[in-house]
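**Student:** Sequence:
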Amino acid sequence: MRYLIFALAASIVLVIVWHLSARRQTGQGPAVKTGLLLGRHAERLRRCAELVGQPEADIFWDMAGHLERIRREVMSDGRDMARARRFIHHHARLIVELCERFVALDAKARPEQAARLQRMTDHLRAYRDVFARVEKALIDNDFDDVEATMDALDIQLDRLDY
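In terms of full-length UniProt numbering, the sequence shown is residues 1 to 162.
Take these hints with a grain of salt, some might be off.
Computed list of lysine to aspartate or glutamate pairs in EDC-like fashion (alpha-carbon distance at most 20 Å, straight line) [as the list claims (entries may be wrong)]:
| no. | residue 1 | residue 2 |
| --- | --- | --- |
| 1 | K108 | E50 |
| 2 | K136 | E68 |
| 3 | K33 | E135 |
| 4 | K136 | D154 |
| 5 | K136 | D62 |
| 6 | K33 | D58 |
| 7 | K33 | D77 |
| 8 | K108 | D122 |
| 9 | K108 | E97 |
Everything labelled a hint here was simulated from the structure, so no lab data went into it.
Please put together the full structure from these sequences, using the hints given.
**Tutor:** Structure, rendered in C-alpha cells:
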C-alpha cells in the first residue's frame, strides 16, 4: 500500500514538473506574454513614426524605444512586471491606440485644423514623458533593491564578533 501511495505521489510530481516545463517552453509564462505585448506596442509605435512627419515621428520613435527598454526590464526582473502592471496592460495600450488614431487624423486633417493637431502633439509629448518616467522608475527599483541588500549585509557584517 505504501508503494502505491509513493508511486501515485511520484506520478503527480512528474505531471506537475512536465506541465511547468512545457508551459515554459511554449512561452506561456506571464513575463513572456508581457514581453510580447510590449514588443507589439513598440512595433505599432514604429509604424506610426513611419507614417507621420516631424516632430511627431521623433516622439513615436522615442516612445517605442522606451517600451523596448521597459520590456527588457520586465523580462529580466519579474517584480518589475508587478510594479508596472497597470501601465503595461492598460495605459500603454490606450496610448498606442491614441497614437494610431492621431496618425489617421494627421493624414486627413485640413489646414484650418493645424492648431488642434498641435494640441494633440503636446499630449503626445506628455505621453512620451510618462513612458520615460516608467522606465526610470523600474531602473530606480533595481537600485533600491541593490541598496537594500547592501544595507542588510552591512548590518549583518557589523554584528560579527571578529
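**Student:** Determine for every hint whether it applies to the structure shown.
**Tutor:** Status of the hints after comparison with the structure:
Among the hinted pairs, K108 with E50 is consistent with the structure: their alpha-carbon atoms are about 16 Å apart, no more than 20 Å. Of the pairs offered as hints, the one joining K136 and E68 holds, with about 13 Å between alpha carbons and a cut-off of 20 Å not exceeded. Distance check on the hinted pair: K33 and E135 sit about 19 Å apart at the alpha-carbon level, within 20 Å; holds. Pair hint K136 plus D154 does not hold up; C-alpha atoms about 27 Å apart against a cutoff of 20 Å.
Between K136 and D62 the alpha-carbon distance is near 14 Å, which keeps this suggested pair within the 20 Å criterion. The suggested pairing of K33 with D58 is violated, with an alpha-carbon distance near 27 Å, which exceeds 20 Å. Of the pairs offered as hints, the one joining K33 and D77 holds, with about 14 Å between alpha carbons and a cut-off of 20 Å not exceeded. Simply put, K108 and D122 have alpha-carbon atoms about 19 Å apart, close enough for the 20 Å limit, and the pair holds.
Distance check on the hinted pair: K108 and E97 sit about 17 Å apart at the alpha-carbon level, within 20 Å; holds.
Of the numbered hints listed earlier, those contradicted by the structure are 4 and 6.
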